[in-house]
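**Student:** Each chain is listed here by its residues.
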Amino acid sequence: MIKTDALIIGAGPTGLFTAHQLKLIGLNCEIVDNLDKIGGQCIELYPDKPIYDIPAIPECTGEELTNNLIDQLKPFNIKFHLNERVEEVKKTKDEWEVKTNKGTEFITPNIIIAGGVGSFEPRKFAPKECEKFENISIFYSVKDKEIFKNKTISIFGGGDSALDWAIELSKNSKINLIHRRDEFRAAKLTVDKMNKLAKDGKINLFTKYQLKNVKGKENLESIEIENDDKQLKNLKTDFVLGFFGLIMQLGPIANWGLNLDKKTINVDTEKFETNQKGIYAVGDICTYPGKLKLILSGFHEGALAARGCFKLARPNEKYRFEFTTSSKTIKSRLGIKGD
Amino acid sequence: MAKITYIEHNGNSHTIDVANGLTVMEGAIQNDIPGIDADCGGSMACATCHVYVKQEWFDRINKKTEGEDDMLDQAYEPKKNSRLSCQISVSDEIDGLIINLPEKQV
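Residue numbers (our numbering), protein chains in the order written: chain A, 1 to 339; chain B, 1001 to 1106.
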């Protein structure tokens, strides 16, 4: 079991800056995130989109902002647990016991939820029958491409993931590529390559079609696709891959006994604490009168929540407010040699 | 100002006045209309304010913005008449607009 002063859930900009604030005041922390990389929505939803309202940064992209925040954390050795989702939060005597879906366990007096709009999960097919075949014949990501060898694969989607896999798997498998419209949002080079393979008969392309139904007993046998004019086509297929991007789900957070307002968590504005002592919420996921869903608000909320953690993490010490410009203690924590 | 009718998937209908300059998504969120999530807050970075607009209105509202179809690819059950409601602006010209909501957003 990992013991830490504070556990941060979410490695988006708010979670990252909150970690910085915790370390500055001498508390240690670890960060858990469901995604496979650091940056949250900034990296997953808009890495290339410019942001214009970060104080003192006239313009930067989601990716640049993330990289700068990671740079700012360099003096500190912070452990990230990526690809992990916090499942369970349990109160012990004075602390919280936290468990992830990979079985990592933490014991901590403070949990800071910086979870954005929840955890990212793949968008799934609409027809109910698909659930039965999920992880058997229907997948939303590729873990082992060997299982597809010499089989028929129906791939749905129009983005880079769908096209990249269609191209890659067409080397050793029969590929149906199905997309709801004629235009593809994947990179132009990839689209050209796919079109060439379609022309050469290596990929069977079906545009303006969507999945209507799936058929099979234990394993998938065929699928039915339908176009805008309600015309149906039946395709024999061994596997189905769906690439419709990611959606955000509040997930297990809803079961932790927190006061929720739709998909957000109610907090006070002194420590950004929830109705549970020692659990804080900051960034897009928290709500209070006047809440603005801005990155800069997340930074402010994280700074205050970090101070809120101090009392529970160091019950016998008194927190002293200090400036980074003048405090020798802070400078040493930042690894800056004395003057 | 425009009167906008939001019809939920189960048939429940809500007619409200929405001020000019807002989006159809903001009209729904500010009036607690169920069925529109708008997770990203209107930055066209998700597809959870997805709606259907019947043909007669589809041609009268503002055209799709660049990138909107890319996001609609990622919506729940997109159709030919799908739109992101955060990209439909409200003005006097669309008074009487009828919006149909999908079964769910996520």
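Please keep in mind that the hints were generated in silico from the structure rather than gathered at the bench.
Misleading hints may appear alongside valid ones.
As the list claims (entries may be wrong) - Quick list of the computed label-pair ranges, beta carbon to beta carbon:
| hint | chain 1 | residue 1 | chain 2 | residue 2 | range |
| --- | --- | --- | --- | --- | --- |
| 1 | A | Lys128 | B | Asn1062 | 57 to 65 Å |
| 2 | A | Glu270 | B | Lys1080 | 45 to 53 Å |
| 3 | A | Lys128 | B | Glu1056 | 29 to 37 Å |
Claimed, not checked - A few chain A residues that don't get close to chain B, going by computed Cβ distances all over 12 Å:
| hint | residue |
| --- | --- |
| 4 | Gly26 |
| 5 | Tyr46 |
| 6 | Glu64 |
| 7 | Gln72 |
| 8 | Glu134 |
| 9 | His179 |
| 10 | Arg181 |
| 11 | Thr190 |
| 12 | Lys208 |
| 13 | Asp229 |
| 14 | Asp238 |
| 15 | Leu250 |
| 16 | Asp284 |
| 17 | Arg307 |
These numbers were taken from a predicted model, which means no experiment stands behind them.
Beta carbons are placed, not taken as given, at the ideal position from N, Cα and C, and that holds for glycine.
**Student:** None of the hints should be skipped; say for each whether it holds.
**Tutor:** Hints, one by one, checked against the model:
no., hint, verdict
1, A:Lys128 x B:Asn1062: 57 to 65 Å, "violated (35 Å)"
2, A:Glu270 x B:Lys1080: 45 to 53 Å, "holds (51 Å)"
3, A:Lys128 x B:Glu1056: 29 to 37 Å, "holds (32 Å)"
4, Gly26, "holds (35 Å)"
5, Tyr46, "violated (5 Å)"
6, Glu64, "holds (17 Å)"
7, Gln72, "holds (24 Å)"
8, Glu134, "holds (16 Å)"
9, His179, "violated (8 Å)"
10, Arg181, "violated (7 Å)"
11, Thr190, "holds (14 Å)"
12, Lys208, "violated (9 Å)"
13, Asp229, "violated (9 Å)"
14, Asp238, "holds (24 Å)"
15, Leu250, "violated (10 Å)"
16, Asp284, "violated (8 Å)"
17, Arg307, "holds (28 Å)"
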